[in-house]
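> Protein chains in written order, with my numbering: chain H, 1 to 184; chain L, 1 to 184.
It is worth saying that the hints were derived from the structure and are not from the lab.
Check each hint, because a few of them may be wrong.
The list makes no distinction among identical chains, and a pair is therefore deemed to hold if it is satisfied within one copy or across any two copies.
Straight line, CA to CA, 30 Å or less: simulated DSS-like cross-link-like pairs of lysine-lysine [said to hold, decoys possible]: (1) K88 x K136; (2) K101 x K88; (3) K88 x K167; (4) K170 x K26; (5) K26 x K9; (6) K140 x K167; (7) K9 x K88; (8) K59 x K170; (9) K170 x K101; (10) K167 x K148; (11) K9 x K148; (12) K101 x K148; (13) K167 x K9; (14) K170 x K148; (15) K101 x K73; (16) K168 x K148; (17) K148 x K88.
2 protein chains.
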Amino acid sequence: MVGFLELVKKRYSVRRYSGRPVAREKIARCLEAARLAPSACNAQPWQFIVVDEPGLREKVARTTFGPLAPFNKFSLQAPVLIVVVLEKSNLVAQIGGFLRKKEFNLIDLGIAAAHFSLQAVEEGLGACILGWFDEKRVRKILGIPHGKRAGLIITLGYPETGETPEKKRKPPSAFRFYNRYGSG
Amino acid sequence: MVGFLELVKKRYSVRRYSGRPVAREKIARCLEAARLAPSACNAQPWQFIVVDEPGLREKVARTTFGPLAPFNKFSLQAPVLIVVVLEKSNLVAQIGGFLRKKEFNLIDLGIAAAHFSLQAVEEGLGACILGWFDEKRVRKILGIPHGKRAGLIITLGYPETGETPEKKRKPPSAFRFYNRYGSG
Chain H
1 MVGFLELVKK RYSVRRYSGR PVAREKIARC LEAARLAPSA CNAQPWQFIV
51 VDEPGLREKV ARTTFGPLAP FNKFSLQAPV LIVVVLEKSN LVAQIGGFLR
101 KKEFNLIDLG IAAAHFSLQA VEEGLGACIL GWFDEKRVRK ILGIPHGKRA
151 GLIITLGYPE TGETPEKKRK PPSAFRFYNR YGSG
Chain L
1 MVGFLELVKK RYSVRRYSGR PVAREKIARC LEAARLAPSA CNAQPWQFIV
51 VDEPGLREKV ARTTFGPLAP FNKFSLQAPV LIVVVLEKSN LVAQIGGFLR
101 KKEFNLIDLG IAAAHFSLQA VEEGLGACIL GWFDEKRVRK ILGIPHGKRA
151 GLIITLGYPE TGETPEKKRK PPSAFRFYNR YGSG
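In isolation and in its complexed conformation, chain H is listed as follows (with noise of 0.2 Å):
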């Protein structure tokens, strides 16, 4: 592969898939660059899940769109659909969340989704990370046990086509500054 920077520009959200099957190996590679994520207090507070049964596999996709939501509903076309399962944040980590306000294990969830979604672009596949869904209902298909949450859904297959579209991002000056916010 080329340089990280060069699969971070190429990476972009892919809702549109062509119909060739994603071998099990290229989706194991992935999820081992899930796995070796960092997370708070190296709690790992995740599971993922591959649903690449085809019956399975659509009635997850249809929990992430409705009449009112239909911004989801490429992912009917993805030949496979990754449920990432959320767990709590170890005790010491829950703590420390609480105390700072702030919930660990949703951030270490995002870092390990971009592992994943990262690799997959490394794979010549493409990902895109859904948050809207049906939680209940994914829970209830996939049988995910009581206090464990389904945190995200992640859709993967070949592209349809290989072109990334530009990405629409602030400007670096309104993104990134030095030693005050607000500075050049």
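Starting from the known structure of chain H, arrange chain L on it as the hints suggest.
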């Protein structure tokens, strides 16, 4: 560089730094990797403050530890601290997060911090993401305006040693399942 998975394996939370200063162009590339990170509804709920002025840096470092919680004291040694400002998500993501009981901006914060930290490894640097610090003091020191939080502090510098310690992680069998929670 080598493949992305190798970068992930090489990465670790660096808590010992050599005294070697870090060129701003290296920091700029880490910032660029973070700037291009995805976020819910493309809200980009973040801004990055580079703190490399020694006096100021020490003040910020001293917000990360105290007599009862000394574990972040190593931050005094890091030649650069990055304070990641956390903004509210945009309105659509805020409503979505409220309805789904998930603070999307914290997940986004993790994604951007992961991008930053991985580019740091690519640059031969090391980083450690800290969630534990006195937010009120950090906001005051850096002039972070009302309505924005200090979300994370990332320590940055050259690692004292090039060797990556062994990572302690859940075994794959406890980490990933296929098509049903708890399956092999």
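> At 30 Å max between alpha carbons, let me know whether K101 reaches K148 within a copy, between copies, both or neither.
Close inside one copy (20 Å) and across copies (14 Å); limit 30 Å.
> From the Cα coordinates, with 30 Å as the cut-off, is the pair K167 and K148 best called within, between, both, or neither?
Answer is between: at 24 Å across copies they meet the 30 Å cutoff, but 34 Å inside does not.
> Evaluate K140 and K167 at a C-alpha cut-off of 30 Å and name the case that applies: within, between, both or neither.
neither (36 Å within a copy, 33 Å between copies)
> Evaluate K101 and K73 at a C-alpha cut-off of 30 Å and name the case that applies: within, between, both or neither.
between (34 Å within a copy, 21 Å between copies)
> Is it within, between, both, or neither for K9 and K148, if the alpha carbons may be no more than 30 Å apart?
between (34 Å within a copy, 28 Å between copies)
> 30 Å Cα cut-off: does K168 pair with K148 within a copy, between copies, both or neither?
between (34 Å within a copy, 22 Å between copies)
> From the Cα coordinates, with 30 Å as the cut-off, is the pair K170 and K26 best called within, between, both, or neither?
For K170 and K26, the Cα distance is within 30 Å only across copies (20 Å; inside one copy 33 Å).
> With identical chains, the pair K59 and K170 could be close in the same copy or across copies; at 30 Å between alpha carbons, which is it: within, between, both, or neither?
Intra 36 Å, inter 29 Å, cutoff 30 Å: inter-copy only.
> At 30 Å max between alpha carbons, let me know whether K9 reaches K88 within a copy, between copies, both or neither.
between (32 Å within a copy, 25 Å between copies)
> What label fits K26 with K9 when the C-alpha limit is 30 Å: within, between, both, or neither?
Both. Shortest intra-copy (21 Å) and inter-copy (17 Å) distances satisfy the 30 Å Cα cut-off.
> When no copy is specified for K167 and K9, does a C-alpha distance of 30 Å or less occur within a copy, between copies, both, or neither?
Result: close both inside a copy and across copies, 8 Å intra and 28 Å inter.
> Indicate which option fits the pair K170, K148 if close means a Cα-Cα distance not exceeding 30 Å: within, between, both or neither.
between (35 Å within a copy, 17 Å between copies)
The structure does not agree with numbered hint 6 stated previously, though it agrees with all others.
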